[in-house]
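Protein sequence lines, in the order shown, are assigned to chains D and V. FYI, the numbering for the first sequence is 304 to 679, going by this note's numbering. FYI, the numbering for the second sequence is 115 to 464, going by this note's numbering.
Source of the hints: derived by calculation from the structure; they are not laboratory data. There's no promise every hint is true.
Stated by the list, open to error - Pairs of lysine to any residue residues, derived as SDA-like cross-links and limited to a Cα-Cα distance of at most 20 Å, are as follows:
id	chain 1	residue 1	chain 2	residue 2
1	D	588	V	288
2	V	166	V	198
3	D	588	V	245
4	V	377	V	412
5	V	263	D	324
6	V	263	D	506
7	V	213	V	203
8	D	588	V	244
9	V	407	V	419
10	D	588	V	253
11	V	150	D	506
12	V	138	V	120
13	V	149	D	507
14	V	213	D	581
15	V	138	V	215
16	V	271	V	260
17	D	325	V	245
18	V	213	D	579
19	V	149	D	501
20	V	149	D	499
21	V	138	V	214
22	D	325	V	141
23	V	149	D	509
24	V	263	V	244
25	V	149	D	504
26	D	318	V	291
27	V	150	D	500
28	D	367	D	382
29	D	318	V	287
30	D	367	D	441
31	D	588	V	220
As the list claims (entries may be wrong) - Over the 12 Å line for every Cβ pair with chain D, so calculated as not near, a few chain V residues:
id	residue
32	138
33	169
34	177
35	191
36	213
37	236
38	280
39	371
40	413
All residues carry an ideal CB built from backbone N, CA and C; glycine is no exception.
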Amino acid sequence: MTEQTLAAEPINAKKEDLYSAKPWQLIWRRFSKHILAVISLWFLLILAFCAIFAEFVAPYEPFKVERLRTMAPPTGIHLFHEGQFVGPFVYAMERTRDPETTRVSYEPDTSEPLPIRLFVASSDYSFFGLFKTDIHLFGVEGGRRDQINLMGTDDLGRDVFSRLIHGARVSLSAGLVGVAFAFVLGLTLGSISGYFGGWIDGAIQRLMELIRSIPTIPLWMGLAAALPVVWDPLIVYVLITFILALIGWTYLARVVRGQFLALRNEDYVLAARLSGASEYRIITKHMLPSMTSYIIAALTLAVPEMILGETALSFLGLGLRPPVVSWGVLLQDAQNLRSISLAPWLLAPGGAVVLTVLAFNFLGDGLRDAADPYGQ
Amino acid sequence: MSELPIPNHASLPDDVLFSVRGLKKYFPIQAGWLKKHVGDVKAIDDVSLDIKKGETLGLVGESGSGKSTVARLMLRAYDLTDGQILFRRSNNEIVDLSKLTDREMRPLRAEMQMIFQDPYSSLNPRMTLLELVGEPMVIHGVGNAGEIKDRVAELLKVVGLRPEFINRYPHAFSGGQRQRIGIARALALNPSFIAADEAVSALDVSVAAQNINLLQDLQEQFGLTYLFITHDLGMVEHIADRVGVMYLGRLMEVAPTELLFSKPLHPYTEALMAAVPQPDPRGNRTRKRVPLKGEIANAANPPSGCSFHPRCPYAQAKCSAEVPALRTVAGGRQVRCHFAEELSLVGAVA
Numbered sequence: 304m305t306e307q308t309l310a311a312e313p314i315n316a317k318k319e320d321l322y323s324a325k326p327w328q329l330i331w332r333r334f335s336k337h338i339l340a341v342i343s344l345w346f347l348l349i350l351a352f353c354a355i356f357a358e359f360v361a362p363y364e365p366f367k368v369e370r371l372r373t374m375a376p377p378t379g380i381h382l383f384h385e386g387q388f389v390g391p392f393v394y395a396m397e398r399t400r401d402p403e404t405t406r407v408s409y410e411p412d413t414s415e416p417l418p419i420r421l422f423v424a425s426s427d428y429s430f431f432g433l434f435k436t437d438i439h440l441f442g443v444e445g446g447r448r449d450q451i452n453l454m455g456t457d458d459l460g461r462d463v464f465s466r467l468i469h470g471a472r473v474s475l476s477a478g479l480v481g482v483a484f485a486f487v488l489g490l491t492l493g494s495i496s497g498y499f500g501g502w503i504d505g506a507i508q509r510l511m512e513l514i515r516s517i518p519t520i521p522l523w524m525g526l527a528a529a530l531p532v533v534w535d536p537l538i539v540y541v542l543i544t545f546i547l548a549l550i551g552w553t554y555l556a557r558v559v560r561g562q563f564l565a566l567r568n569e570d571y572v573l574a575a576r577l578s579g580a581s582e583y584r585i586i587t588k589h590m591l592p593s594m595t596s597y598i599i600a601a602l603t604l605a606v607p608e609m610i611l612g613e614t615a616l617s618f619l620g621l622g623l624r625p626p627v628v629s630w631g632v633l634l635q636d637a638q639n640l641r642s643i644s645l646a647p648w649l650l651a652p653g654g655a656v657v658l659t660v661l662a663f664n665f666l667g668d669g670l671r672d673a674a675d676p677y678g679q
Numbered sequence: 115m116s117e118l119p120i121p122n123h124a125s126l127p128d129d130v131l132f133s134v135r136g137l138k139k140y141f142p143i144q145a146g147w148l149k150k151h152v153g154d155v156k157a158i159d160d161v162s163l164d165i166k167k168g169e170t171l172g173l174v175g176e177s178g179s180g181k182s183t184v185a186r187l188m189l190r191a192y193d194l195t196d197g198q199i200l201f202r203r204s205n206n207e208i209v210d211l212s213k214l215t216d217r218e219m220r221p222l223r224a225e226m227q228m229i230f231q232d233p234y235s236s237l238n239p240r241m242t243l244l245e246l247v248g249e250p251m252v253i254h255g256v257g258n259a260g261e262i263k264d265r266v267a268e269l270l271k272v273v274g275l276r277p278e279f280i281n282r283y284p285h286a287f288s289g290g291q292r293q294r295i296g297i298a299r300a301l302a303l304n305p306s307f308i309a310a311d312e313a314v315s316a317l318d319v320s321v322a323a324q325n326i327n328l329l330q331d332l333q334e335q336f337g338l339t340y341l342f343i344t345h346d347l348g349m350v351e352h353i354a355d356r357v358g359v360m361y362l363g364r365l366m367e368v369a370p371t372e373l374l375f376s377k378p379l380h381p382y383t384e385a386l387m388a389a390v391p392q393p394d395p396r397g398n399r400t401r402k403r404v405p406l407k408g409e410i411a412n413a414a415n416p417p418s419g420c421s422f423h424p425r426c427p428y429a430q431a432k433c434s435a436e437v438p439a440l441r442t443v444a445g446g447r448q449v450r451c452h453f454a455e456e457l458s459l460v461g462a463v464a
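Isolated chain D, as found in the complex:
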């Protein structure tokens, strides 16, 4: 019988790859089949690139006020000038004011195309404090007022697209920093709860239920109102993320606790114990590696909640305040009826929030499915 098993099936190189594939390789294999999640991953990577290199990607400074270009609609991008193909270009905008209503409107001046160039020199900025440069990813050459405003301008003539890109840096990092705080709290309290059990578990669980039962917006408002207005915006930013984490950790703690409880009863954990493994070895070699993929998925799913929290707080004027640029702060500009009817492009940051939150959710879903060792 033993010989029979030994002689069976010659080793197939391709199959052997699958059989000796590391767990993360299998996870990647399953993940890459989840098309929506892969698209979301790419979207978020591009967004992260834009946020990190905001000064480079944004064509203009976020605070540059342009008195004569207020409330300009998004600039149209054209390819053909007078029936001839000239590549992507924009027309200069002619600003007119209605003498009766004093309403400003813009008309394209179709006499001359302004070609869009890559890596154009424009305003100076310091690249992470390393060196000074004035190269931007794209822009138009021409006079000071000849601009490309992909998402229009606001009531002070600031370029909404540039502000959106700069706002992505604050909003995304607020989400990530908030999740990092929540992760530390959730992992610590969740593992204490799951590993020790008993009355410690009971106490932590009741605390979590108490926190979750408080309506979030009033709680945020109360905590945010406690922050003095005179504080540095950076400190306010860190504290706001911490406030978000104070509520967000409960979800992560549940996941970690559940994983601990489930894994504690796995046969392979008992097998390790019966082989003489120490508690330390069991936790680090057997329990934590099995949990990491679930934790990563849970973290991904927790990011959008943080981003939404930051946006909501800032929108209500309780979170970050100008001059800090975040999506929530930008949406404050779109708070009145006038801007929604006359300048709907000011709602663009809202669109960015929706897309980002969806992308994080799809990505988290994809990761969670891929990390399930019993899934297909």
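Assemble the complex: chain D is given as a structure, and chain V must be docked to it using the hints.
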């Protein structure tokens, strides 16, 4: 007619590997907000048995009878409530496992291992065969990386798997093969004792038979002692030298396999045997049927007296009043029944 003697470190007979006396495991029942102790689930109540070196002791019983718990208590996977567990180490030193802490148990774990019922959950899906089978050696600091790899390859060969599989993960194997990985892992440190907890119950019949043969080969090759837990009487008749029958956390009867199957002394054993399906329909007609009434009782609220009396067709007044002791009767057999000598019971083999 006497109860089992309680050996001390000096009086343990030379051929006995494991000696369990008065083993108890109670799980407290708590109620209310303050977790008031209102009672106990007596998962294991007063189990005493000896396992001789090189033999296979079968342990049978219904689900919930406490078979697995006995094995897990002997290996100190759980803390016991009360009892004595003497174990003879390979250097002939005798230790009482019940007195040891978790940390003190660790060096001894090399000498006693377990094979699990579920070949899927008992192997960490994130470890290769090298890591899985080699883990006990890493834990006990036996050999360097190269030696461990050689030993793992050798163990895989011993259990009938190809050494080339060493870098594969468990997901590449079938249930029967996974069970062999578990066996290889259990053998890694040359233990003297292996508890096989329903080791082949999850496998289909032909694969189960292969693995049973493997276990028997290994026993011969390495002089292993087995505690073989199963609910399959046919399996136990095939593999065990002696059999213990458990009911509701108590041992009802212990006897050499042949004697137990030809002449059971406990009514519960008789009932179990009557329940075994007969492959020959002609045998079925002539067989005396002992229908077992009701279900296994609740361990949190066991019946008075003999725990089997509500279902026993031979029960008398004494049975509900007095708890019978596990006593040694003629032929070196042990039985927990007041009327073992008076009853004339029918076994599976005529």
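For each hint, the structure was consulted:
no., hint, verdict
1, 588(D) to 288(V), "violated (24 Å)"
2, 166(V) to 198(V), "holds (17 Å)"
3, 588(D) to 245(V), "holds (11 Å)"
4, 377(V) to 412(V), "violated (29 Å)"
5, 263(V) to 324(D), "holds (19 Å)"
6, 263(V) to 506(D), "violated (47 Å)"
7, 213(V) to 203(V), "holds (15 Å)"
8, 588(D) to 244(V), "holds (14 Å)"
9, 407(V) to 419(V), "holds (18 Å)"
10, 588(D) to 253(V), "holds (12 Å)"
11, 150(V) to 506(D), "holds (17 Å)"
12, 138(V) to 120(V), "holds (15 Å)"
13, 149(V) to 507(D), "holds (17 Å)"
14, 213(V) to 581(D), "holds (19 Å)"
15, 138(V) to 215(V), "holds (17 Å)"
16, 271(V) to 260(V), "holds (17 Å)"
17, 325(D) to 245(V), "holds (13 Å)"
18, 213(V) to 579(D), "holds (17 Å)"
19, 149(V) to 501(D), "holds (10 Å)"
20, 149(V) to 499(D), "holds (16 Å)"
21, 138(V) to 214(V), "holds (16 Å)"
22, 325(D) to 141(V), "violated (40 Å)"
23, 149(V) to 509(D), "holds (16 Å)"
24, 263(V) to 244(V), "holds (7 Å)"
25, 149(V) to 504(D), "holds (14 Å)"
26, 318(D) to 291(V), "holds (17 Å)"
27, 150(V) to 500(D), "holds (17 Å)"
28, 367(D) to 382(D), "violated (28 Å)"
29, 318(D) to 287(V), "holds (12 Å)"
30, 367(D) to 441(D), "holds (17 Å)"
31, 588(D) to 220(V), "holds (17 Å)"
32, 138, "holds (21 Å)"
33, 169, "holds (21 Å)"
34, 177, "holds (17 Å)"
35, 191, "violated (6 Å)"
36, 213, "holds (18 Å)"
37, 236, "violated (4 Å)"
38, 280, "violated (9 Å)"
39, 371, "holds (24 Å)"
40, 413, "holds (20 Å)"
Of the hints listed earlier, those the structure fails to meet are numbers 1, 4, 6, 22, 28, 35, 37, 38, in rising order.
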